[in-house]
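J.: What follows is each chain in one-letter form.
4 protein chains.
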Amino acid sequence: MFEIRTDLAVEAREMYSSAHNKDPEGVIVKEDIPYEDIKVTKVSITNEEGEKDMGRPIGDYITIDMPEFTYYDGETMNRVSEVMADSLSKIINKDKHKNTLVIGLGNWNVTPDALGPRVISKIMVTRHLKELIPDKIDENIAPVSALSPGVLGLTGIETVEIVKGVVDKTKPDLIICVDALASRRLERVNRTIQISDTGISPGSGLKNHRKALNVETLGVKVIAIGVPTVVDAATIANDSIDLVLDEMIKEATKGGEFYNMLKSIDKNEKGRLIEELLSSKGGDLIVTPKEVDIIVDSVSRVISNGINLALQPSLDLEDINQFMN
Amino acid sequence: MFEIRTDLAVEAREMYSSAHNKDPEGVIVKEDIPYEDIKVTKVSITNEEGEKDMGRPIGDYITIDMPEFTYYDGETMNRVSEVMADSLSKIINKDKHKNTLVIGLGNWNVTPDALGPRVISKIMVTRHLKELIPDKIDENIAPVSALSPGVLGLTGIETVEIVKGVVDKTKPDLIICVDALASRRLERVNRTIQISDTGISPGSGLKNHRKALNVETLGVKVIAIGVPTVVDAATIANDSIDLVLDEMIKEATKGGEFYNMLKSIDKNEKGRLIEELLSSKGGDLIVTPKEVDIIVDSVSRVISNGINLALQPSLDLEDINQFMN
Amino acid sequence: MFEIRTDLAVEAREMYSSAHNKDPEGVIVKEDIPYEDIKVTKVSITNEEGEKDMGRPIGDYITIDMPEFTYYDGETMNRVSEVMADSLSKIINKDKHKNTLVIGLGNWNVTPDALGPRVISKIMVTRHLKELIPDKIDENIAPVSALSPGVLGLTGIETVEIVKGVVDKTKPDLIICVDALASRRLERVNRTIQISDTGISPGSGLKNHRKALNVETLGVKVIAIGVPTVVDAATIANDSIDLVLDEMIKEATKGGEFYNMLKSIDKNEKGRLIEELLSSKGGDLIVTPKEVDIIVDSVSRVISNGINLALQPSLDLEDINQFMN
Amino acid sequence: MFEIRTDLAVEAREMYSSAHNKDPEGVIVKEDIPYEDIKVTKVSITNEEGEKDMGRPIGDYITIDMPEFTYYDGETMNRVSEVMADSLSKIINKDKHKNTLVIGLGNWNVTPDALGPRVISKIMVTRHLKELIPDKIDENIAPVSALSPGVLGLTGIETVEIVKGVVDKTKPDLIICVDALASRRLERVNRTIQISDTGISPGSGLKNHRKALNVETLGVKVIAIGVPTVVDAATIANDSIDLVLDEMIKEATKGGEFYNMLKSIDKNEKGRLIEELLSSKGGDLIVTPKEVDIIVDSVSRVISNGINLALQPSLDLEDINQFMN
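Protein chains in written order, with the numbering used here: chain U, 19 to 343; chain S, 19 to 343; chain R, 19 to 343; chain G, 19 to 343.
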């Protein structure tokens, strides 16, 4: 059977609700609108039933929806960074003495996958200064380190092995992992930030066989931050087919021959049709805005600013920019 | 009405034939198979009817289809470069004294559009050496210059203005323009090279409002070389819908109510459905392999080698590499 | 005889004065200190004698000296951009309707030479908008276009040919050329901006055989903006030798044998010694800070902001950043 | 006292011999000339006296001198890679089952320091394939992994901590570290490859306060491979001064007043003079060819090919290129 891939909890919930005509069990949703053009949605999975229905572990999943042209407006970018910092701070439990390791997942050579490494290049790194020149560094500055471990194909080493090795040596109190995601809907591509306190689980995206990065594998709390930068081409094909079928199902008499035929295509043949459409190409096909290079650059600035603000509660954006230059 | 975008003449012909159940007038097609895994198709538009049916000017359009994994196999890449050089040489009318200007169209900041500029960076540039140190340069070396004019959004200047300005000063005998294209079929993405002797026309791709680069605007013969690096997301949506409708039309009784409804969706509503699917995003949505960065790099090597071989008939690939390093 | 290379007029004047124990004729110098850490020096060459003594054409050469750590402090960077915009505006004769073409000279593949192209990538380009969507563009916005023509070795075409070709087609009222320079003193590297209204002359840097870009060759007023990013290694060698000789000459009895020997080394053998030191390497040897990549990036931001402010007098930095994103 | 920095053992030996008018104790030198334009010199430090005289630990230091224009000639590059592979193989004790981790030291944002990370990007990485799809990988292929840990300023973590963490998890049998070096002589810049079996020691380059990467800190044999990409600007200043002094000392009567004065400058004042020349700049000043970007790219190809050949004795360069594409 064809399965839609999404890394976003809000979409997993939508998909469950639409497929089962009911909300998943043990899942609580709260919305907040800090600015009229920014929405913060918190999806909390509270028990094992929710875990099963949602296909992801117990925990909080915060989604920040930002305006369409955020990446073309410095002022909006800063507001989103601040909203993000606010959400992140609540999960972190602001503690200026916390030693945090920020990990940028993904392949720096593949633009839609380069979000993590690009965020890392803009993180305010202070751990070494606190150790080497403690007298010159304000005591309110928190120790932060940062690493882009690369991907299995480039290093020959599972990401979790590299990160665990570094964690064992540097003993951070907290890990933040940044990653590019796939979403289910085009309108969320580069428009949504997801923050969760569950780390990165193997099953979070369906095709994502990567090993988990979480408190079980690393021994430290792991916060995951992601932004969808692509939609699978198969998802677009699926949605196109659904749209036609829905259109016709609306017209057809329920239970009639035509109606049943439409339902049967939906159930049995859709996967085959999608495969027929896309199978000719070996590689992963993605749908992305043409300007993906420019957008990933801007997104990475929003995310890094948000992380820097949350990790350094005694500084504002201006202080941070000053430090970074 | 929704219109499928393609920059490839072979696809324009396929689309015409499939829509009208007949071949376009005045269009001659010849195929050649120089290696069992490489196919060369020459589509010649010979008169005004063909021009109208095909939506592109009278001239020759050569398509080279290469094997699926060309970009992962240096030996195949070289064979494709040689086949391409051979086709190109025939159009050029090999003349070692010809002064050629190679133009790399497209935006170097947008990976799927960066093919032209990347090819330029690998062209064997000799014009200045012929002028400055003629005694040290073998007389068989042809004078070649190369330019990446950028795109309107980056320069504020129409590409044709920049190129015409440079042509007026440097007076080349021949211009070769390299550009990234959009194709209609995923299986042609990064798998097809199109060479034509008609230059680049404004109507070649439907959404392509760029001004023409051809003998009329530049005063010199213009050869266009392109490789499709993307498919419009709208094309995938369209194909998905077609596939479902075709599937059902096959089953439905011709002339019956159901049959008519399907036909009517096809005709009247498809455009609206596609818009509904994709309209949420402002930018151009494209479908591309995830590894587009790596592939564009390899394609640009194949193309630049092909051009270098065709422009320097007295050299082989080894000589050219030696010169380039 | 060994000749020291400098592209800076202030240094040419220093060198003349020190060699001849008098100031060059017809050269007027004015200093201004807009901020306590920024100095603006205007060297005006007013007649042919000055031209000969200074080795550069009649005109104004403004030098802005900025604080040592400018590139690590966003606030200082903005102040320098504003001082630069102010100096540039006076030369331009602020006229919002002026159509300006900004040219970024240099090779984008060679970091110390990449200043020009990097500035171009941050110029606020508006010419096409004024032509294509005049109703949507504030009438106070001036038309600006921008081009990085590359270098002779990459294009096979003299820069002046490319620029002249584009000028003939686009008919700008003013040209601004940005280039990386060589200075004579390490303390000026990346610390000095030179603005001149004379364009770029072939003799400005001694080893610089490039053809001129000025009102004679282009038919339009050309303003040159440059920042020294390197010192020739030969200059360092020369200075080291001078320092030792000076040290000893101070001690030696004037006219004595030792004194004469020192003077003779200075005059006759210095060139040979420097050649002996450096000749083993084919290429141009330069002295540069190790972090040249990072610094060139920051310098290019200061320069592009300065140009944007001067060309768009109705906008401030915030407006410009908003437009650029 | 001013101290010349070199990371090359052959230069340390030259400097010792020239300063003490005798060869260092316990140091054995062997030369080999595999091609008329390539020289291999093996400096073996055999005891503690040699260790003290040479300022580096007991072990073998192999230097490969290559022709001046290697980087402009693919054929010479391949010959150098093969000579390097041969030297490296002898140190490794070819054993196809060895599990090797290749580490690329240095900062990818600073061109002269980016050699290590660029080599890593061209290493044939196989460890994951041996683990994930052992049946599809020829048993003669050795498991290799690769990592660019970044630099302290970018990560906040000492390189040795990152590497030790990864070593603990992945348990390689051998580590190869690649790094950009500083040399003492311009003619060795980008012309010399040093291979040593002692790892990277804190005292190897005088200003190099980095912690050691060797068998003591990592628990596994560490081979260091380096190429000098710069000379300290201070070294050039020093050499210039020496050259003048030597010139005069030759002329002066031994023991005379002038002679003594020259000797005294040499001993007591040279450091002050150099500082006077260079102290105006905060950062590290380096001397480097202007085309450093292009050269580092070529050097990294020579080194990565050499490593790939040595680690995969069953493959030739063609096999390796095929695998890499």
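Take the hints with a grain of salt, since some may be wrong.
[Said to hold, decoys possible] Listed next, the in silico SDA-like pairs over lysine to any residue satisfying Cα-Cα at most 20 Å (straight line):
1) U:K189 <-> U:K268
2) S:K189 <-> R:G44
3) R:K288 <-> G:D257
4) G:K187 <-> U:V233
5) U:K268 <-> S:K189
These are computed hints drawn from the structure, not numbers from a lab.
Owing to the predicted nature of the structure, the values given are computational and were not obtained by experimental measurement.
J.: Which hint numbers doesn't this structure obey?
T.: As far as the earlier hints go, 1, 2, 5 are violated by this structure, in ascending order.
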